[in-house]
Structure formats: structure tokens, C-alpha cells
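Asks: Chain by chain, the residues:
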Amino acid sequence: MVSSTNTTIVNERPHHTLWGDAWIRLRRNKLAMAGGIFIIVLTLAAIFAPLITPYSFAHQDLNAILENPSSKHWLGTDGLGRDVFARLLYGARTSLAVGIFAQLIVIGIGLPIGAVAGYAGGRLDNALMRFVDVMYGFPDLLLVILLKAILGGGIYQLFLAIGLVAWVNIARLIRGQILAIKSREFVSAAHAMGGMGPYITWRHLLPNSLGPIIVSITFNIPRAIFTEAALSFIGIGVRPPTPSWGTMISDGYAVIFASWYQVFFPALAIALLMIAFTFLGDGLRDALDPKMRR
Amino acid sequence: MTRFVIRRVLWLILVLLVVSFITFSLMHLVPGGPWDRDKQLAPQVVAALNAKYGLDKPFYVQYGNFLLGLLHGDLGISYSYQDRSVTQILMQGFPKTAVLGTTAFILALLVGITFGMAAALRQNTWIDYVCVMFSTIFASVPGFVLGILLIIVFSVILHWFPTGGWGSPSQIVMPAIALAALPAAFMARITRASTLETMRQDYVRTARSKGLLERVVLIRHILRNSLIPVVTIAGPEFAALVTGSVIVETIFSIPGIGRLFVQGIFARDYGLIMGTVLFYAFVIAIANLVVDILYGVIDPRIRYE
Amino acid sequence: MQRKTLVYSLLAIFFSAILIFTSACQGNKGTGAQILRVNLAGEPAQVDPNQASWAAEKSVVSQVFVGLLGFNQDLTLRADVAKEIPTVANKDISADGLTITFKLRTNVTWSDGQKVTAKDFVYSIKRELDPDLACAYASFYYDIVGAEAYNSATGKTAADKTALANAVGVSAPDDYTLQIKLNDPQPTMVECMALWPVYPIREDIITKYGDKWTDPPNYIGDGPYLLTEWVHQDHMTFKPNPNYWGTKPKRAEIDFLMITDANAALAAYQNNELDIVGVPPGTEKTFLNDKTYDDQRSLFNDLTTFAFQFNVTKAPFDNKLVRQALSCAIDRDAFINSVRSGIGKAAVSWIPPGMPGYNASIGTQYAFNVTQAKALLAQAGYSDVSKLPQITFSYSNTAGNTTIAQFLQGQMQQNLGINIILDPEESKTFSTNVNSGKFMWAWFGWGADYPDPDDWLPGLFGTGAGNNHTQYSNPAFDTLSATALKEQDNTKRLADWDQAQKMVMDDAPIVTIFYRERFNLVKTWVKGLKTTGMDGQVIGDTFYNEVYITK
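Protein chains in written order, with the numbering used here: chain W, 2 to 295; chain Y, 154 to 458; chain E, 2 to 552.
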């Protein structure tokens with residue numbers, strides 16, 4: 002008999018936690034890594050914008066209105082002679098902040114409410130979902146105008162405004178997922194083994210319902226950016242001349258017959274950001290899926 | 154099930170009351186009133202206007218009058234459209250918005266679910282990437298830009314359709330496409346994600362290993378089970394489409410109710426605001442109810458305790 | 002696999018069917034017929050002349066009604082239903098200026114054939130002042146005896162209101178004479194009688210139809226057109242009035258469309274669905290340089306001035322020198338020539354060209370001059386601009402305002418090194434904040450109600466006046482205004498107003514930027530279009546009966 006102390010057992014599965022394993026698999030997914038790197042590079046570019054472009058986002062060169070892209074202005078100039086590339090880069094700060102941080106608030110509120118409603122069921126589910134119904138019917142525009150009048154309009158008020166209302170969709174989505182999965186066999190099994198509610202939700206229900214939730218989050222990024230543009234119309238959020246991709250698009254729309262670049266470049270930026278998050282999100286979901294463990 | 158529906162209808166009334174109270178309060182708390190304008194009206198005229206429309210009465214009296222009117226089916230009058238009542242305005246505009254919204258919804262559903270499933274079943278092939286590309290484009294280009302692009306290409310350049318308006322079938326094509334773009338993209342991606350998850354479930358492997366035809370596996374097992382999240386978002390999407398999109402209706406000059414809500418708020422048209430808010434809240438609460446019923450239909454394991 | 006192909010083929014057939022069906026159905030509206038299609042850009046709230054107050058409503062009302070007087074293209078008065086313009090010379094205005102008599106033509110008819118009489122005007126004026134109706138322009142007629150008392154009678158009993166109505170100083174001594182009694186002489190009251198709030202109204206129609214009197218079959222007017230169709234939020238159609246007593250219109254029909262989006266309207270114009278369209282602000286360069294539009298451009302001065310108003314009670318704007326300094330730091334010509342490609346006219350005075358009272362030499366001492374700006378600031382004690390309190394500029398976020406505001410911000414920063422904060426607000430919040438003084442520096446625009454300085458000065462700069470948001474108060478100005486309003490000698494009157502305008506621009510409670518120029522595109526087949534500085538929402542609307550289409 003071979004002594005177990007001096008023989009290596011081959012083909013033993015390496016021992017990983019769910020998350021550690023996920024990280025390894027994520028690393029192998031080229032598209033997801035590309036997406037992640039793009040996001041990181043964009044964030045760094047936004048932070049170090051002054052080093053990348055000599056132009057300020059506010060400097061108006063009134064002799065260079067609505068110019069086409071050229072060697073002097075890589076992406077052209079806008080209606081007040083400001084460099085579009087510079088505005089896009091500085092605008093990334095606002096749009097990334099809004100797209101990402103607003104999400105955190107939305108998830109922070111929507112996830113617990115939806116999860117609790119789905120898992121608990123019964124009266125609590127009913128009460129929470131009727132509250133969600135009220136939020137759906139709520140006139141957010143009125144609330145936002147009032148918010149600006151009382152609290153003034155700054156970036157924190159913007160997060161508040163977006164977060165307060167946008168969580169309903171995620172809440173209902175998660176609740177639906179959990180309702181569907183709740184009655185599956187492995188949940189009963191976990192229950193039988195003595196798992197308690199929150200543990201089951203966190204360890205088993207959520208990872209299995211991630212797919213649609215990640216998609217919803219990805220779609221909320223451009224949605225948040227456009228909401229920010231709409232809110233800046235009322236005066237909440239960043240103020241001119243601070244650019245954001247959403248306001249660049251709405252300003253560009255007004256002059257679209259004069260120059261379609263004004264709309265094209267910020268829209269392209271949003272699209273690229275969303276694709277990056279899509280690939281990253283897909284990769285994350287694949288990585289976390291227990292079924293795909295090799 | 155009937156008891157469930159009745160209970161939900163009762164809750165619906167409560168929800169509508171709460172929403173109406175919140176809206177009424179917000180309307181009067183917000184700065185600016187219907188008579189504020191850049192060329193200020195004389196104080197006597199403002200006083201006369203307030204008296205004419207009952208705005209000089211205390212808050213609870215106004216709200217009470219509103220509720221009383223509601224019991225008689227009267228949603229009030231509009232300051233922006235003074236020759237019709239709010240009820241008439243909604244009745245005239247809603248059919249147009251509903252037709253447009255339903256068309257867009259069916260379009261989004263068909264295109265979205267089809268492409269989503271195709272992308273999931275052929276994950277990582279060209280069809281998957283095309284699906285990702287298009288859904289991203291439709292999500293990152295806002296409705297007004299998409300709308301004007303459609304108009305420029307299909308009206309001004311190709312002369313296939315008129316640029317807007319309502320009345321003939323040719324005027325529904327472009328707005329329906331513009332309206333359906335984002336929901337279609339969303340539904341495609343959700344369907345894809347959900348289908349992928351369902352495909353990996355054990356019972357699907359079991360079905361396949363039993364030797365069932367791919368088509369049978371698809372319809373009997375995958376389709377049904379991946380629809381839960383799709384149904385969840387389809388409900389609110391349908392409600393949103395049917396109560397109108399301010400952007401699409403503005404660009405295509407469609408005389409529906411979509412614009413009325415936003416216009417009413419910016420004009421402080423109290424009657425119009427209350428009418429449209431209640432209408433929308435009603436539609437979406439019903440939509441959520443239908444979604445919850447559909448959960449039970451799709452997946453019999455789902456029970457409401 | 003089969004299912005997918007099936008679905009795809011169904012979709013393909015579905016779409017092709019729609020395309021084929023709809024292309025067959027689609028045809029360009031109205032090319033070839035004598036129809037003028039213009040864009041009203043929004044549905045009017047109502048089209049009752051007494052209650053109309055917005056530009057769109059004015060455009061509708063001017064097709065269906067004709068008043069005592071009207072305006073020529075050069076904005077001089079023209080006698081329409083009246084036989085002649087009342088003056089002191091022809092004795093239609095009494096020597097003391099307190100009684101105005103209008104002699105009416107006897108051949109003026111309503112569209113149903115009945116004659117227009119002085120009673121219709123008496124009824125209209127009293128209705129305009131009726132407190133239960135709460136008409137927006139009632140205050141323009143307060144100089145009529147008993148008018149203000151009647152209009153302020155909200156809350157009184159019906160009997161009181163009737164008594165007050167009977168005490169209003171308008172009467173019809175006979176069917177074709179209208180007499181108006183004033184509290185004080187007001188030469189411009191004659192001009193006010195040319196405005197739409199006092200177009201004639203048929204009492205029997207109102208009594209019979211009530212609120213429904215503005216619906217197409219009931220909407221009786223004495224003007225060249227009849228409103229034949231109103232599809233809400235879609236369009237309004239006007240056809241010639243067969244019983245029109247004046248020169249019949251040359252064209253068969255006018256369509257007012259209601260396309261609210263400026264770009265969609267432009268696309269409709271390019272697709273031959275509209276005959277006249279406005280050029281979106283910011284795109285002027287393209288439409289000026291593009292040769293295809295060479296014979297389609299319509300440019301004319303409008304009686305509108307845009308400015309920035311200070312709140313003179315808030316530091317640092319309580320110091321006149323600071324206000325004057327900031328005025329010197331704005332390069333208006335650069336704005337007009339570069340940002341607006343030359344559309345519009347840089348302004349340093351308040352009253353725009355094209356109306357009496359315009360004086361190009363007023364305010365020139367505060368034209369663009371950075372050295373002078375810095376000197377004035379130093380004089381005010383702010384040679385170091387960082388000592389200035391934080392300045393916030395508010396504006397409402399309508400088309401073009403964002404650009405103007407950011408332009409101002411750029412000028413302050415680049416010329417003086419001052420950083421101002423921009424505060425966009427939605428329009429009602431902005432109006433209420435400005436009206437209650439909750440602002441430091443705000444956007445400001447004013448369009449003429451009628452072409453005379455007394456519409457531009459006392460109401461805006463008089464102490465405590467209704468539209469005085471700057472809180473400007475100058476007793477000398479008040480005294481001068483009070484005299485000028487009543488001055489019957491026109492030359493002296495205009496000289497007084499000129500002096501008053503100088504006073505105001507010296508004190509600089511506002512900084513004027515530019516006078517508006519309207520830039521529209523008009524199809525080559527539209528002939529006879531006459532634009533005036535008083536045009537409403539759509540250009541040329543006061544002379545549509547002279548427009549004709551050639552194809």
C-alpha cells in the first residue's frame with residue numbers, strides 16, 4: 002500500500018471558495034477582461050484629464066464655433082467653441098459617477114426590499130409590493146422640482162433624486178426571481194440542512210438569480226446618464242459649464258441639423274461604456290454560476 | 154384566485170388614494186403656480202383667476218372637492234386646454250397613445266424575445282454579438298435622437314412616410330419603431346440572460362439526455378421557465394408604453410396623452426396633473442397585478458401564501 | 002430551427018406588407034392647392050379674444066377677427082372697422098384727451114351676415130374687464146373709467162358686479178359710434194384699441210353657446226377666415242369667410258399644424274409638409290451658408306430685446322458701478338457674429354429698432370470695453386475681483402438660453418476673471434423666483450405688446466411696478482413717466498420717454514444684450530408674405546389674407 006504521506010494525489014480539485022473560483026474564471030474570459038480594462042482606463046482618463054488634453058472644458062473660442070474634427074480639435078468644437086474631446090473626457094467624471102454610484106443606491110435599496118418581499122412572501126410581500134405600486138405611480142418630476150426648491154441643486158441631490166425612485170424596477174425583478182427559485186429543490190435541501198432565511202437568500206437564491214439582475218444594472222447605466230441630463234434641465238446635478246455625456250447629447254440634439262458630431266461622440270461614449278459593462282457583467286455571471294464549475 | 158384578485162383591487166383603491174394625496178400635496182408645495190409667467194399678470198387678474206378656479210380655498214377643501222368630483226367620474230378641468238374637461242382630454246388622447254403603445258409593445262416583445270432566445274441558444278456566435286451591438290445602440294441613443302434619425306432617413310430622404318401626425322397607418326411605423334427600440338433591447342438581453350440560466354438547470358439536461366427533440370426541449374422547458382423575469386419587466390414596460398412616451402409623441406406630433414403629464418407639471422396645470430397621475434398609477438397597478446397572476450400561470454410552483 | 006425561421010419569415014412579411022401598404026397611402030399634403038401650412042408649435046389653451054394672451058392664441062384670433070384698428074407693416078395704425086383713427090385733430094379725441102370716439106364703418110359684417118355694431122365692442126370691452134372671466138390683458142384698459150374697479154370686484158355680489166359693469170366708461174350712443182371715457186388722458190389707449198383683447202364679440206353667440214362658442218361651427222368672427230376644423234393637438238384649418246366685408250383672401254385655406262419639436266418641424270419643412278418654418282437657434286450658420294436655401298430665407302427684426310437683469314437690492318449689484326462694469330465686460334458683437342452667425346443685433350439700449358423710442362446712442366457708454374470695465378470695478382472697490390461676493394445667474398432652460406448663459410459665464414471668466422455660478426430652473430420656478438426677488442442676476446426678455454415706449458418703461462422700471470423685478474427705484478424716472486403717459490403732444494411725449502430711457506440705461510439695472518431677429522425658411526412658392534415686428538407665433542400672421550401660392 003502506498004503511503005499517503007509521500008504520494009501526490011493527482012487530479013485533485015483545487016480547493017476554492019465560490020468567490021475565489023469566480024475570480025479565476027473571470028480572468029480567463031477575454032471579453033470580460035477587455036470590458037473591465039476599458040472601464041478602468043476610462044476612469045483613469047477621466048481623473049487625469051488635464052494631463053491628456055490641453056483644453057479646458059469651459060474655454061470658449063468664439064472664432065471656432067461648431068468646427069468639424071481636425072488636428073487642432075480632435076473631435077471638433079461645440080456651439081460655443083469648446084473642444085468636444087476635452088468635454089467628453091471631463092464629462093466622463095460626471096457620467097461615470099452618476100452611472101456607477103447611483104446604481105449603488107438603487108441596488109442598496111431595491112435589492113433588500115425585493116429579496117425580503119420575495120423570500121418572506123405573504124403579508125410582508127403584499128405590503129412591500131403595494132408600496133412599490135405607489136412608487137411607480139408617484140410623480141417623480143414633481144418631487145424632484147420640490148427637492149431642488151428646498152435642498153438646492155447639487156450632485157448629492159442628484160444621487161438622492163435618482164436613487165429615491167429608480168429602485169422599484171430592481172426590487173420587482175429580484176422579487177420575481179426569488180419567487181421562482183424559492184420553491185426549487187436545492188432550496189428545500191438547504192432548508193432541511195438547517196439554513197436560515199438570510200443565509201439561504203445570500204448563498205443560494207441570489208447567485209442563481211443574478212443574470213437578469215446584471216442585465217438590469219447594465220441598462221440602468223445609460224438610463225441614469227439620461228436621467229441626469231433631464232434633471233440638469235431643472236437645475237439638479239452638475240451645473241454648466243461642467244459637462245456630462247447626457248447634457249452633451251441633449252445640447253447636441255438642438256443643433257443636430259448643423260452638426261451631427263455633437264450627438265454622435267457622446268452617444269458613442271455611452272455605448273462603449275455600456276458594452277464594457279455588458280461584457281464584464283456577462284463574465285461575472287458566468288463566473289459565479291455554480292453550474293459552470295469545472 | 155378570485156379572492157386574490159378582489160383583495161388586490163381593494164388594495165388598488167388604497168394605492169390610488171395615497172398617490173392622489175401625495176400628488177395633490179406636492180403640486181401645491183412646489184414653487185410657482187399656474188399664473189406665474191415672465192410677463193407678470195396684474196394682481197387683480199391673478200386674484201380673479203384664483204377665485205375662478207377655486208384656488209383661493211384652503212387645501213383640504215380643494216382636495217375634498219377633487220375627491221368628490223372623482224366619485225362622479227369628473228377629473229377636473231385643465232388650464233392649458235380650457236375648452237375640454239380633463240376626462241375628455243384623456244378620452245380623446247388615450248386611444249391614440251394606446252394604439253401606438255400596444256403596437257410598440259408587441260413589436261418589442263416579438264423582436265426582443267426572438268433575438269434574446271436566439272442569442273442565448275447560439276451563445277458567443279455572430280448572432281449573439283449582433284444582439285449585444287443592437288441592444289447597446291438602442292439603449293445608448295436616447296429616443297429623441299433615434300426619432301429624428303428615423304425621420305431624416307425615412308421621411309426627408311426616402312419619402313416613405315410622413316414626418317409625423319396621426320390618422321393613417323403610415324404614421325404609426327416610425328413612432329412605433331422609435332418607441333419599441335429600448336424595450337426591445339432590454340427584453341432581448343433579459344431573455345438571453347434568463348434563457349442561459351434556464352438552459353443550465355438540471356431538468357433541462359435531464360430532458361436532453363432523455364433524447365427529446367431540441368424543439369420540444371425548447372418549448373416545453375426552456376421557454377416557460379425563462380419567461381419569469383421577462384414577464385416582470387414586461388408589465389411595467391407595457392404600462393409605460395400604453396400611457397405614452399413624451400419624447401416620441403413630441404417628435405412625431407402624436408396627439409396622445411404621453412406629453413400631457415410632463416406638460417401639465419411644467420405648466421402647473423393642476424387638473425391635468427391629477428388626472429394623468431391617477432390614470433397612470435391605475436394602469437401600472439393593474440399591469441403589476443397581471444404580472445403577478447402570470448407568475449402563477451407560468452410556474453405553478455409559485456404560490457402566494 | 003424551424004421555429005426561428007418561421008418567426009423570421011413572418012416578421013419579414015409583416016414589415017414588407019406595412020411598407021408597401023403605407024407607401025401607397027402616403028402622399029404629400031397640399032402641394033399644388035392654394036393651401037398655406039404653418040407651424041403653430043403647440044395647441045392654444047383657448048381662442049377667445051378676450052382671454053387670449055399667448056402668441057399662438059394671438060395668431061389664431063387674428064385670422065378670424067378684425068378689430069377697430071390694426072397695424073400696417075411699418076407698425077403705423079390703420080383703421081379697420083373704425084372709419085378713421087381718432088386724433089385730437091379730427092375731433093375724435095376730445096381736447097382734454099378724456100373722451101375717445103370711434104366712428105364705425107357701416108358695411109362691416111359678421112360671418113353669419115349680421116352687421117358689426119358698436120354694441121359688439123361695448124360688450125367685448127366689458128367682458129374683457131369681467132372679474133369672473135379673469136382675462137390676462139384686462140389691466141391694459143384700466144385707464145377707462147370704472148374699469149379697474151370692475152375688474153377688481155372678485156368676491157363681490159352679483160348685484161355689485163352688475164352695477165360696476167354699468168359704471169364702466171364705454172358706451173354706444175348709436176349703432177356705429179363707440180365712446181370711451183378715460184380717467185386720465187392716455188394717447189396710447191388708441192393703440193391699445195388695436196389689440197386683440199378688444200376685438201368685437203357677439204353677445205348673443207356667447208349667451209347661446211357659453212363655453213362652446215369657440216368650437217368651429219359657433220366661432221363667429223368678422224375677419225377674413227373661418228375656423229373650419231380643430232383636431233386637438235393636431236391641426237387647425239381656416240377657410241375664407243364667404244361674407245367677408247373686406248378684400249377677400251387670395252388663398253383657399255390655412256393649416257396651422259402643431260409640431261412642438263423644432264427639429265421635427267424642420268424635417269417636415271424639408272419634406273414639403275410645411276411652407277414656413279423657424280430655424281432652430283444654434284443652426285443659423287448651416288442655413289445661411291447652404292446655397293439651396295438662398296431664396297428661402299426670411300429675416301426681419303422683431304420687437305423683442307434680451308437682457309440680463311440685476312437685483313439691485315443684493316450686493317454687489319446695489320452698487321451702480323459694478324453693474325456698469327459688468328455691462329462693459331460683455332462682447333455682444335462676438336455673441337451675435339460668432340455664436341449666432343450674425344442673426345440678431347447687438348444691443349446697448351433697451352427699446353428695439355422698428356418702433357418709436359428706439360435710440361441707438363443710448364447706452365453706448367457701456368458697450369464692450371474691458372479696460373473701462375476693470376476701471377469701473379476698481380472705482381467700486383473691487384480691483385481684486387476675488388473680493389466680490391459669489392454671483393449666481395438664474396435662467397429658465399428654454400431653447401437658446403443655456404447657450405446665452407454659458408456665453409455670459411465665459412465672458413465673465415475670460416474678460417474679468419470672475420467665476421459666476423449658473424442656476425438653470427424650470428420655467429414656473431424661474432418665474433416665481435424672479436417675481437418674488439429670489440435671484441441675484443437673471444435672464445430677461447421683453448416683447449412689445451404694442452409698439453410704444455410706454456409698454457417698455459413704466460411697467461418695468463417704475464417704483465413698485467408689476468414687472469419691475471430688479472427693484473429699481475428712481476423718483477425722477479417715476480415723475481417723468483407719470484407726465485409722459487398723459488402727454489398729448491406726441492413729439493414732447495417721445496422726447497420725455499427718450500430721456501427716461503437714458504436715465505434707466507445710465508443706472509444700468511439691466512444689461513441689454515441683443516435685439517431679436519427672426520430667422521425663418523419660406524418655400525419659394527409662397528408669395529406676398531408680409532412680416533412685421535409685431536408678428537405672433539407664426540410669421541406674417543397679420544397679413545395672411547394677402548398670401549398666395551404659385552406652383
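Treat the hints as calculated values from the structure; they're not laboratory data.
Cβ atoms here follow ideal geometry from the backbone N, Cα and C, with glycine treated the same way.
Check before you lean on any hint, since a few could be wrong.
Pairs of lysine to aspartate or glutamate residues, derived as EDC-like cross-links and limited to a Cα-Cα distance of at most 16 Å, are as follows [said to hold, decoys possible]:
id : chain 1 : residue 1 : chain 2 : residue 2
1  : E       : K116      : E       : D212
2  : E       : K524      : E       : D508
3  : Y       : K192      : E       : D450
4  : Y       : K205      : E       : D133
5  : E       : K116      : E       : D81
6  : E       : K528      : E       : E254
7  : Y       : K205      : E       : D212
8  : E       : K213      : Y       : D191
9  : E       : K157      : Y       : D209
10 : E       : K439      : Y       : D191
11 : E       : K251      : E       : E547
12 : E       : K120      : E       : E204
13 : Y       : K205      : E       : E547
14 : E       : K531      : E       : D133
15 : E       : K286      : W       : E68
16 : W       : K183      : Y       : D452
A few chain W positions that, by computed beta-carbon distances, are all more than 12 Å from chain Y [what the hints assert, rightly or not]:
id : residue
17 : L43
18 : S71
19 : L105
20 : G109
21 : L112
22 : V117
23 : R131
24 : Y157
25 : V169
Asks: For this structure, which hints from the list above don't hold up?
Replies: 1, 2, 8, 13, 14, 23 and 25
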